[in-house]
Amino acid sequence: MHVGLHHYLLVSIMLFCLGLLGVILRRNLLVIYMSLELMLNAANLALVSFSRFNNKLDGQVLVFFIITVAAAEVAVGLALIVALYRKRQSAHVEDLTSMKL
Amino acid sequence: MEDFNNMLASGVVQDVFFYVFAALTLLCGVLVIANPFSRSPVTSAMFLVLAMASLAGLFVLLHAFFLAAVQVLVYAGAVMVLFLFVIMLLDLKEEERRRIKLFGLVAGLLSVGIIVSVFVKSLATLNTDVPPPTLEGDTISLGHLLFTNYTLPFEIVSVLLLVALVGVILLSKKKLE
Amino acid sequence: MSILTYIAGWPLLAALALVVVPRNYRVIIRGIAILATAISAGLAIKMFCQFVPGSDGFQFVEQHTWVESLGISYHVGVDGLNVGLILMGAIVGFASTLCAFEIQSREKEFYILLLTMIGGILAAFASLDLFFFYFLHELALVPTFIMIGIWGRGEKKNYATFQITLYLSIGALIALIGLIALYVQSGANSFDIPKIAEQLKANPMSVNAQHYIFPLLLFGFGILVSLWPFHSWAPLGYAVAPSPTSMMHAGVLKKFGLYGLIRIALPLMPQAAHSWMNILAWLCVGNILYVGWVAMRQKDLNLLIGNSSVAHMGFIFLGIASLNLIGVTGAVLIMIAHGFLAALTFALTGYIYRQTGTLQMSELGGLCRKLPFIGTALLMAAMAGCGLPGFANFVGEATVFFGAWSQPSLHVITVIGLWGALVIGGVYMTRAIRTVLHGPLPEKWNTLTDANFWRKLPYALLLASLFVFGIWPRLLTEKINPDVAKIVAVYQPVLAVSAPVNTLQKTAAHKTDSAAGSAANEQLAIVNK
Amino acid sequence: MKYENLPWLILLLPLISAAVITLFTLRSKMISSLISIGAVVAGFVMTVIFVNANGIHFSGETAVSWLTIGNLQVDLGLKLDALSMMMLFVVTGVGGLIHIYSYGYMHEDESMARFFACLSLFTFSMLGIVLANNFLLMFIAWELVGVSSYLLIGFWFEKPSAGDAAKKAFITNRLGDFGFLFGILMVWGLLGSLNFSVLQAAMVANPLLLGASATVGGLLIFCGAMGKSAQFPLHVWLPDAMEGPTPVSALIHAATMVAAGVYMLCRTLFLFNHDALQFISYIGGFTALLAALMAVQQNDIKRIIAYSTLSQLGYMVMVVGLNGPTPAMFHLTTHAFFKALLFLSAGSVILGMHHEQDIWHMGGLSKKMPITFWTFTIGALALSGIPPFAGFYSKDSILAQCLDQKNYLLFSVAVFVAGLTAFYTFRLFFVVFLGKEKSDHAKHAHESPLVMTAPLIILAIFATIGGFIGIANNYGSQLTPDHETLSFGQQLLEPLKTPIPMCIGILVAVAGIFLAFVLYKNADKDPLPAKLGALATWMRDKFYFDELYEATVIRLHDFIAAVCGFIDRWILEGAIIGFIRGGTNLTGRSLRLLQTGNLQTYAFLFMFGVAVLLYFVLVK
Amino acid sequence: MNSSLISLEVSVIAIGLVLMLADFFVPAERRRFICYFGIVALGALLLINLSGNGNCDIQGTAFNGAYINDGLAIFFKRFFMIAAILVLFIAAEFADKLAAGAVAEYYSLIVFALAGMLFAASSNDFAMLFVSIELITITFYVLVSFQRSKIASLEAGVKYLILGALSSAFLIFGIALIWGTTGELNFTKLAAVAPQFETSKIFLLGVLLVLVGLGFKIAAFPFQIWAPDVYQGAPTPTTAFLAVGSKAAGFVLLLRVLFTALPTVTMHWEKLLIVISAITILWGNLCALPQRNLKRMLGYSSIAHAGYLLLGVAALNASGQAAILYYLAGYLFTTLAAFLVIAVVLRHLDNTDVSGLAGLSRRSPLLAATMTISMVSLAGIPPLAGFFGKFLLLKSVVEAAKATHGHETAYYWLVAIALTGVVISIYYYFNVVRAIFWSKDTEDLSPIQLSAPAKLTACVCIAGIFWLGLFPNTVLNLAQQAVAVAVQ
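Residue numbers (the working numbering), protein chains in the order written: chain A, 1 to 101; chain B, 1 to 177; chain C, 1 to 529; chain D, 1 to 620; chain E, 1 to 488.
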């Protein structure tokens with residue numbers, strides 16, 4: 001059959017869930033962060049495909065915003081991770097349990 | 001040449017390309033989060049770049065040319081470079097293989113499984129008989145929309161970028177006197 | 001402005017004033033506090049005297065809307081139910097302020113908290129608005145907590161502090177839900193009690209709704225009044241609290257829940273009330289018998305008195321449960337009498353504690369020798385506590401018994417109540433007197449000194465009030481009767497069955513003075529031939 | 001009715017004096033005692049005036065409404081008739097004498113003012129019982145009497161024994177009052193009124209008004225009498241009550257308060273049906289017998305008299321039960337005279353002996369204290385029922401009533417008790433006054449002052465002539481419908497109407513005295529135990545009733561109390577509340593464990609939350 | 001289109017920039033006073049706003065309805081302004097714990113966050129919602145991890161970062177699905193078309209994912225897990241702003257989405273809302289019960305308060321939403337009072353345990369009073385703001401119980417659970433009061449010197465708490481009007 005909205009959405013959903021898995025499974029903050037980027041991209045894909053098949057551009061505008069915001073977020077996040085690494089010499093989530101219970 | 005055009009018209013080529021890019025994207029995604037050969041963040045980052053690039057491909061297939069460009073520039077370019085810089089900066093070594101907590105893994109997979117299933121189930125309810133897509137994601141229309149309807153979010157994003165800028169400086173500056 | 005506003009307002013005003021008085025001006029602080037409470041007590045007496053019995057509706061009414069969108073208004077007024085309570089509250093408040101002499105450290109805070117408590121509860125009794133009724137009572141919660149915490153006695157202080165606070169707030173919250181539900185169900189869109197009453201008279205609440213609101217009020221208020229089995233906070237709390245606090249609490253605040261039951265629950269939800277009353281009656285057996293027995297076991301004088309005051313609540317509940325004119329009137333009588341009594345006893349034990357530093361009965365003994373006044377007062381209090389005629393409590397208890405007896409379903413419980421009042425009460429009170437006041441005086445207490453005039457004043461005041469109402473109860477009953485009659489009017493059909501069959505009322509009814517004599521003569525003439 | 005406010009004055013004067021003393025004059029013994037004595041004497045005078053004005057055979061009420069709630073009407077009302085008038089005489093008269101006597105007896109006690117305050121309070125409440133025109137008022141006075149006796153028994157409260165005795169008396173009386181109030185409630189519930197006249201009218205109109213609960217109600221009301229008049233099984237408090245000062249014993253525990261039960265029975269006789277009366281009479285008889293037996297082996301001078309009081313009260317109750325209120329009240333009055341006399345004499349003996357009470361340390365006092373000796377003798381004779389003393393007449397009327405009712409069992413009991421009475425009275429008499437001194441206290445004993453002996457003499461006179469001055473007339477005229485008033489001579493010879501009981505009575509009395517003479521003429525230790533053996537010890541130890549109650553009633557109550565205490569402390573406080581507190585705390589602590597601080601756990605929980613949310617909303 | 005509506009936001013951003021630039025002209029040791037300029041400026045704006053001059057209270061929409069300025073927006077804007085001003089005061093007290101070189105930026109970031117909240121208050125479509133939320137969140141990433149010298153601060157920052165990013169990923173995806181199915185981003189337009197999609201699973205999925213994103217911001221169960229750690233680790237002023245501002249922003253957006261955009265959908269979800277609010281209440285209170293660290297305890301208790309606020313949402317009636325607004329107003333003063341005391345008293349201690357307050361009643365009566373009143377108000381006891389708020393919430397739920405058909409019992413259970421929660425909370429709040437007035441721990445009785453501004457702040461908070469407790473009319477009417485326009 002013809003490739004349609006479903007296929008794109010399926011891809012985006014699977015990408016999204018891959019991101020989720022990454023967040024759960026990996027212990028390295030950077031990699032976790034990459035997985036989060038994957039999830040954002042999945043959302044982007046969904047939006048773009050919707051906008052294509054709904055004949056509306058707003059979705060793409062939204063994607064534009066998302067990309068920008070994501071970039072900013074990444075910048076701040078990475079800076080934060082760097083600062084943390086300077087203190088702790090580690091980017092492992094297990095090493096970040098000074099506050100609990 | 002002739003029949004290639006036919007194929008383009010009938011969309012077979014696009015389909016083929018779709019499957020290629022989709023497969024590529026997902027494969028790279030998998031390799032980002034779980035790479036059997038290396039657990040070094042660098043490889044993850046590289047595969048992420050690939051994933052982004054192939055996503056850009058999908059964007060093209062969806063006629064979102066501008067976004068495809070932005071995707072490549074911002075993500076595959078800026079963002080990933082940033083990642084790599086940081087990785088180099090911190091010279092993160094191979095993530096030593098700690099024992100994965102079985103319970104965590106199972107429970108995690110379970111919950112993700114549930115989420116996937118719900119997503120897919122609900123995807124099935126989407127009505128499929130949409131008119132054939134005609135929309136072109138070209139720069140002019142996008143820009144027009146951006147600067148008429150979406151001026152305010154656009155401005156807010158600018159503030160956001162400023163904040164991010166300040167934040168990054170504050171956080172990564174060697175010493176604040 | 002209504003006199004009621006002044007009665008409650010002076011203490012609150014004084015509390016505010018004290019905030020700005022520097023803490024080392026002790027005399028001024030005390031002076032202000034005593035003056036304010038004295039004024040409000042005086043006004044309360046004035047109000048009590050001006051009160052016109054039996055005039056329909058409320059008197060000394062004042063009303064200002066507060067939140068019109070919710071129909072909340074500051075609405076105060078008195079009828080027979082609360083006129084006595086306010087008088088009692090004001091007098092006890094004055095007495096407890098006098099007794100606050102015993103506080104030595106951080107007086108400023110203490111007086112501020114005490115005055116807040118007094119003003120709040122007085123206003124609560126005067127309030128005719130469900131919201132303020134609750135709101136003003138809750139003013140006492142935090143003061144209670146801090147007072148017991150800072151100035152309390154004994155090593156179980158912290159436990160007791162939290163226990164009393166939690167119990168009180170649980171009860172209050174349950175009651176609050178009940179009140180809100182009442183507001184919502186009544187559909188009057190107003191918290192004004194008279195308004196709600198009218199509304200419900202016009203179109204009564206569904207029995208279904210009554211059946212879930214009434215228990216909320218019953219148990220919410222019940223917890224505040226230490227209804228068995230929710231009583232265990234009371235004795236301990238009073239035992240550790242500084243005496244002014246326990247005076248106010250056991251004396252005045254405790255009556256809030258009962259007043260709420262009589263003022264709100266009984267008239268507005270007759271069907272539910274009627275079907276719940278048997279349960280209440282059996283619970284009050286728990287108060288009377290069980291707690292009475294517990295009191296017999298106590299080694300600490302304050303714990304004993306605390307338990308006995310819990311036991312007394314049982315009689316009030318019994319009176320309420322009888323749902324008839326006599327019983328409910330009796331309940332109100334006891335509420336007032338017990339207010340004075342509890343305040344008196346805790347004031348006295350407070351004095352003894354300050355003199356001896358202990359209330360363990362095993363360590364005391366023969367105190368009548370060194371403390372004749374305090375001893376005598378305590379003796380009288382104990383006697384009043386076991387229902388001795390001449391004190392107001394007897395009138396109340398007797399009335400309650402008569403009321404309960406005229407409700408056939410309550411015969412057994414009445415008898416149990418009699419046993420509790422006459423025998424068990426007698427036993428633990430006389431035992432306490434025997435160990436504390438009688439017997440030889442231990443060497444170490446030779447240094448004790450009896451109360452001087454200022455110390456005597458509060459005790460004398462409270463005793464006097466007990467005597468006045470005990471010897472001439474009509475002062476109260478004439479005021480209480482008509483309004484109770486209105487409330488229990490709803491239950492008349494129920495009562496008609498159980499009322500004692502007597503053909504002689506007509507002859508017995510109108511005989512006062514020597515007319516009675518002649519009436520009796522004729523009858524005797526019949527008898528003798 | 002002339003001077004109708006006078007009774008109010010009579011009633012209230014003692015109360016006022018009590019109040020005045022406690023409030024103002026506690027400092028000064030002198031003033032306080034005078035106030036108190038004045039109050040009661042004035043009461044006596046006013047009684048005389050009132051009776052002179054209205055004559056004794058009239059009846060009326062004066063009342064003001066005290067409490068009116070629905071169909072509960074309680075008046076502050078006085079019932080004025082022969083019964084109450086006579087009792088007024090007894091209370092104010094005998095009471096007055098005892099007041100005067102106590103002035104001498106107590107005058108070196110430093111808290112004499114308090115004593116007189118309590119005495120006045122007592123007088124007030126006793127008058128209240130006498131004058132009350134309705135049940136609740138009577139109950140009020142009843143309670144007040146109880147508390148004033150409590151105060152007076154515990155007057156020397158530093159003595160542990162005094163404190164205990166007071167407590168015992170109070171609680172025992174409370175047991176009785178429980179029944180009393182219960183009965184009152186029952187009667188009110190059925191008849192709807194508390195006023196005696198109204199009730200009586202109703203009962204006369206329809207004797208079956210009480211229906212099924214007549215017997216029960218009657219007995220419940222009788223419980224009150226049981227407590228106050230110390231009838232078996234509530235008799236245990238009276239002997240201990242002797243811990244109080246002797247005047248108190250005389251006034252409260254001989255003349256007036258203990259008689260209140262009998263008075264109340266006569267006042268409310270119309271309520272009792274036949275079965276109830278039967279029961280009452282047997283209780284009375286049994287008490288009389290029991291007490292007499294106990295009295296035989298007591299060695300404390302006051303206790304002996306106390307037991308005899310018990311047994312005389314038994315007499316009265318018995319005869320009330322035998323439907324003879326007149327003899328009962330008659331005996332009550334005469335008994336008031338001679339028993340007060342005996343107690344006061346005993347008091348003067350005790351004073352003379354410097355508070356020595358054991359009769360086996362006395363002896364030969366007849367020379368040292370002649371007046372006391374003679375007055376005591378008169379009292380003893382009256383008590384043992386020797387003609388022509390008052391006791392003879394009243395006791396004879398009782399015996400006659402027994403025969404009249406054909407109740408031979410009780411008659412024989414009564415006769416036997418009469419013998420015993422004579423025996424133990426004269427046992428006491430011989431041991432104390434005759435024979436040789438058995439201690440050096442006895443050697444240095446001295447006569448009491450005039451203020452004490454004068455009352456003795458006056459009482460002695462009445463104890464002598466009390467039998468034929470028309471007391472029985474005045475009671476009878478009201479209490480027994482078919483009573484004919486007797487002239488002085490008739491009264492003197494009244495007993496001859498019923499020769500059998502009279503002869504038997506005199507016979508056993510003489511026999512008793514003779515036996516006592518044989519056994520105790522200058523004996524310096526009690527010969528009886530040797531003869532009777534175990535029985536004697538049982539008598540001495542009051543048939544172990546105290547021990548019995550100790551073992552059963554008190555233990556039981558304490559046990560239940562202990563159980564409740566345990567439940568309160570450990571089950572309610574400890575287990576339930578503890579469980580709730582602990583449970584909440586534990587839940588909190590365990591929930592907290594999810595907060596591991598590990599980012600990955602958080603992420604996982606977040607996702608798990610999402611999963612659950614989606615599942616429940618979209619799938620289910 | 002009248003873009004003059006956004007003058008308030010614009011001026012706030014301007015103030016932020018000025019603060020940032022002021023850094024250059026002010027010597028390092030005086031920089032902590034920069035914030036007083038910001039306070040004055042914001043105060044002026046607030047006064048203009050309240051006085052009704054300027055065009056801050058013109059009702060209307062702009063930017064094709066993406067931006068709306070209605071009662072709800074105005075209410076929340078004033079709310080955020082007050083919150084920001086008070087937080088700046090707290091920050092001024094706290095400044096000496098921040099790196100001297102970065103103080104000015106700290107203040108300006110607070111102001112930028114405020115700008116984000118202002119936009120959130122009046123955002124009327126998903127694009128606005130997304131960007132304003134992100135503006136708030138990203139600013140907070142920086143604010144939370146601002147004390148670079150402290151591990152705790154950085155750690156809190158990272159946790160907030162990762163979980164925040166996760167939640168915004170869900171949010172985005174949700175928005176994508178909603179837009180994809182309905183083709184509408186604007187709330188008002190959405191409300192018109194939404195009913196026909198009520199059955200479409202994928203649409204509902206989108207809504208749920210959006211709710212996940214908002215649930216994270218208000219720390220509702222099951223997305224509350226981040227709150228305690230972040231509250232504990234972040235610098236105290238940040239925590240304060242997080243507790244008040246960010247939570248309120250979450251709620252205003254929640255109200256918009258649920259009741260402006262998707263009222264018909266929401267009506268079917270009363271059970272879901274009931275369950276969530278019940279569990280949130282219980283969770284927060286139960287976990288706070290054994291807590292000894294004050295800031296962490298407040299973190300848990302803020303979860304509980306989110307639960308109470310959700311009562312108003314679950315009630316699904318206008319009075320419930322009015323109650324939410326009122327409760328938030330009270331919560332503002334109460335929480336800020338508490339954090340002011342924490343900032344002043346516990347600033348120098350290494351840990352923020354409750355025991356640190358021991359003897360406060362003798363060290364500084366004013367602070368003791370402030371903390372006590374705040375705790376009592378949080379516990380919801382008259383005559384304070386917290387009580388009236390809880391009263392309104394409970395009332396709305398009872399009304400809902402009467403109105404609804406079939407869910408009465410559910411609502412009654414909800415009330416019961418709320419009561420349980422309140423009782424538990426009384427225990428731990430009063431524990432703080434106990435620590436202030438009497439405690440077994442050693443008390444250092446060195447008196448505390450309060451700066452004038454701190455005194456002012458304390459008094460303002462106390463006044464606010466009492467005002468809302470005793471004279472609810474004004475604010476209550478405002479709240480009722482606000483929801484009146486927000487909900488049709």
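Calculated from the structure, these hints are not laboratory results. Among these hints, one or two may not hold up.
For lysine to any residue, the following SDA-like pairs were computed, each having C-alpha atoms within a straight-line distance of at most 20 Å [as the list claims (entries may be wrong)]:
| id | chain 1 | residue 1 | chain 2 | residue 2 |
| --- | --- | --- | --- | --- |
| 1 | C | K156 | D | R581 |
| 2 | B | K101 | D | F608 |
| 3 | E | K271 | E | A403 |
| 4 | B | K121 | E | K402 |
| 5 | C | K370 | D | E158 |
| 6 | D | K367 | D | A454 |
| 7 | E | K402 | C | F58 |
| 8 | D | K159 | C | R369 |
| 9 | A | K56 | E | G65 |
| 10 | A | K100 | B | G104 |
Simulated DEER-style distance windows between Cβ atoms [as the list claims (entries may be wrong)]:
| id | chain 1 | residue 1 | chain 2 | residue 2 | range |
| --- | --- | --- | --- | --- | --- |
| 11 | C | N189 | E | F471 | 12 to 22 Å |
| 12 | B | P36 | E | S7 | 41 to 51 Å |
| 13 | D | R589 | E | N64 | 51 to 61 Å |
| 14 | D | H355 | C | D450 | 28 to 38 Å |
| 15 | D | P499 | C | W472 | 50 to 60 Å |
| 16 | D | R569 | C | A464 | 31 to 41 Å |
| 17 | E | A100 | C | R354 | 48 to 58 Å |
| 18 | D | N299 | C | W454 | 50 to 60 Å |
| 19 | A | K100 | C | H64 | 47 to 57 Å |
| 20 | E | T199 | C | K486 | 38 to 48 Å |
| 21 | D | H441 | C | E363 | 49 to 59 Å |
We put the beta carbon where it would ideally sit given N, CA and C, even for glycine.
Out of the numbered hints, which ones does the structure contradict?
4, 7, 12, 20 and 21
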